[in-house]
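These protein sequence lines are chains A and B, in that order. Going by the working numbering, 79 is the number at position 79 of the first sequence; the sequence numbering is gapless. Going by the working numbering, 41 is the number at position 41 of the second sequence; the sequence numbering is gapless.
Hints are computed from structural coordinates only; laboratory data are not their basis. Glycine included, each C-beta is placed from N, C-alpha and C at the ideal position. Treat the hints with care, since some could be wrong.
Said to hold, decoys possible - In silico SDA-like links for lysine to any residue, alpha-carbon gap of 25 Å or less:
1) B:204 x B:1
2) A:3 x B:130
3) A:3 x B:129
4) A:3 x B:115
5) A:3 x B:119
6) A:3 x B:141
7) B:119 x A:249
8) B:119 x A:118
9) B:119 x A:156
10) B:119 x A:74
11) A:3 x B:168
12) B:119 x B:154
13) A:27 x A:178
14) B:119 x A:220
15) A:3 x A:243
16) A:3 x B:1
17) A:3 x B:114
18) B:119 x A:188
19) A:3 x B:118
20) A:3 x B:155
21) B:204 x A:74
22) A:3 x B:109
23) A:3 x B:204
24) A:3 x B:150
25) A:3 x A:208
26) A:3 x B:169
27) B:119 x A:122
Unchecked claim - Computed spacing ranges between beta-carbons, pair by pair:
28) A:246 x B:32: 21 to 31 Å
29) A:231 x B:28: 13 to 23 Å
30) A:166 x B:178: 38 to 48 Å
31) A:244 x B:142: 14 to 24 Å
32) A:231 x B:101: 49 to 59 Å
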Amino acid sequence: MVKRRVVFTLLWDRGHFMLSRNFRLQKVGDLKWLSQNYNFPRISTALDELVVLNVSRGEGSVEAFAADLTDLTRGVFLPVAAGGGIRTETDAALLLRSGADKLTLNAPLHSDPDLVGELAARYGSQCLVASVDFTRAAGDSPVAAVDGGRVPLDEPLRDTLTRVEALGVGDVLLHSIDRDGTGQGFDCDVQSHFEELAIPVILSGGAGHSGHFLDAFRKTRVQGLATAHLFNFIGDALPNSRRELLEDGVRIAVFSDVPALAGEGAAPTST
Amino acid sequence: MVVRIVDYGMGNLHSVASAFRHLGCEASVTSSPDDLKGAEPIVLPGVGSFRRAMTQLNRDGLTSALRAAVLDDGASILGICLGMQLLGEHGVEDGGSAGLGFVRGTVTRMRTNLEPDAKIPHIGFTTLEGCSGSLFEGLPSEFDAYFNHGFCFEQIGDARVTSRSRHGQDFVASFETDMRVFGTQFHPENSQAFGLRILENFLKVA
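Produce the complete structure using the sequences and hints provided.
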């Protein structure tokens, strides 16, 4: 039986990592800043999966994103899903050669379903993560929103998810725009809108402390929970959250505390 | 020692190469049959479609180069995920196709007979059971490893099964042969410190 997942999302914008609140982005630092302030390879040992999203606007950022992804993932030995700005098969291949194990797709789910189908045929559905942002801004019923969360779709979230699943993706990263960066806890009620899906769902948006993970793991049947909060969940907070979840009986993977053996001293720094 | 990582256009190549480099070993990513001559260890990574992978390996002349390296030159080989499946005889996916045939066994779509609500593809950390053999030297007999697949071997012949796992059904999680042909259905390169130890063990016996 597969275990549940604690996922961290890093938001990248033209060389900088970002903090997001309701999809308004704030610059916190570049790769050098990240490696100086946070020992990312060490933090990663408390995670089941890392998602790195390119949230830059405009063209031509895929190469720079791929270069930073390579540096970021050095010394990190967990699955990395990367995406944002994938518009062609060449973009996808570049990311898979730059440290990504899986591809995260958002806009092409709606604008270019043929690309999604082609990527699924080549790399398999288990390689594709559908990133779907949703909002309840127009009332109680959630709807997906595209273009940086600004354009709501004219269909119930349930229909969007069913359509996305049919494209052949392997996972859904379901992110609440309304809870994004607020630290108020996950939108657990959205569960009723994805219950029919056969593929795993990772819920994201709103984690403020480890109690929110426990609460959402208990209240929902999501496969995973994700946070992008660089300040609330960095340093010892992630390893501590993980230990608390295990103590509270959440079925997540148990990792060795043994340092990465021969490699521990050999990890090159990113700077 | 140089580990040769086979690039047939479908793998998470960087992650695999990066893990071997972290262990202090040189890793060369290659799609050239000539680079596969000799006895240095070979890693066959891969995510995706069995049929497409075999089409690509056949077209690039890699199928015969891999067979020559393992059977004639005595190179050891580690297949990871789809790479492990390709070491078998046959994959049923997408109309069916022949594999490299180093071990006997057919790769089938995962069933959910033991766990009806198990989601396929099987993505995430799951416990390995009954770990034994050279890849697991120094590791516990049960621990969690990262899987990402929708097909599997239920049984395998001409090989020792060195761990099994369960998700929806019981399946082969790893095997080894006397010819030093190794396969892991899970991804050691994504399985944190335990996974690195498996790659290190492969280098020791390769």
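Hints and how they fare:
{"no.": "1", "hint": "B:204 x B:1", "verdict": "holds, 10 Å"}
{"no.": "2", "hint": "A:3 x B:130", "verdict": "holds, 18 Å"}
{"no.": "3", "hint": "A:3 x B:129", "verdict": "holds, 15 Å"}
{"no.": "4", "hint": "A:3 x B:115", "verdict": "holds, 14 Å"}
{"no.": "5", "hint": "A:3 x B:119", "verdict": "holds, 12 Å"}
{"no.": "6", "hint": "A:3 x B:141", "verdict": "holds, 18 Å"}
{"no.": "7", "hint": "B:119 x A:249", "verdict": "holds, 21 Å"}
{"no.": "8", "hint": "B:119 x A:118", "verdict": "holds, 22 Å"}
{"no.": "9", "hint": "B:119 x A:156", "verdict": "holds, 23 Å"}
{"no.": "10", "hint": "B:119 x A:74", "verdict": "violated, 31 Å"}
{"no.": "11", "hint": "A:3 x B:168", "verdict": "holds, 13 Å"}
{"no.": "12", "hint": "B:119 x B:154", "verdict": "holds, 18 Å"}
{"no.": "13", "hint": "A:27 x A:178", "verdict": "holds, 20 Å"}
{"no.": "14", "hint": "B:119 x A:220", "verdict": "holds, 16 Å"}
{"no.": "15", "hint": "A:3 x A:243", "verdict": "holds, 15 Å"}
{"no.": "16", "hint": "A:3 x B:1", "verdict": "violated, 36 Å"}
{"no.": "17", "hint": "A:3 x B:114", "verdict": "holds, 16 Å"}
{"no.": "18", "hint": "B:119 x A:188", "verdict": "holds, 20 Å"}
{"no.": "19", "hint": "A:3 x B:118", "verdict": "holds, 11 Å"}
{"no.": "20", "hint": "A:3 x B:155", "verdict": "holds, 24 Å"}
{"no.": "21", "hint": "B:204 x A:74", "verdict": "holds, 23 Å"}
{"no.": "22", "hint": "A:3 x B:109", "verdict": "holds, 21 Å"}
{"no.": "23", "hint": "A:3 x B:204", "verdict": "violated, 31 Å"}
{"no.": "24", "hint": "A:3 x B:150", "verdict": "holds, 16 Å"}
{"no.": "25", "hint": "A:3 x A:208", "verdict": "holds, 23 Å"}
{"no.": "26", "hint": "A:3 x B:169", "verdict": "holds, 15 Å"}
{"no.": "27", "hint": "B:119 x A:122", "verdict": "holds, 21 Å"}
{"no.": "28", "hint": "A:246 x B:32: 21 to 31 Å", "verdict": "violated, 46 Å"}
{"no.": "29", "hint": "A:231 x B:28: 13 to 23 Å", "verdict": "violated, 41 Å"}
{"no.": "30", "hint": "A:166 x B:178: 38 to 48 Å", "verdict": "holds, 45 Å"}
{"no.": "31", "hint": "A:244 x B:142: 14 to 24 Å", "verdict": "holds, 23 Å"}
{"no.": "32", "hint": "A:231 x B:101: 49 to 59 Å", "verdict": "holds, 54 Å"}
Of the hints listed earlier, those the structure fails to meet are numbers 10, 16, 23, 28, 29, in rising order.
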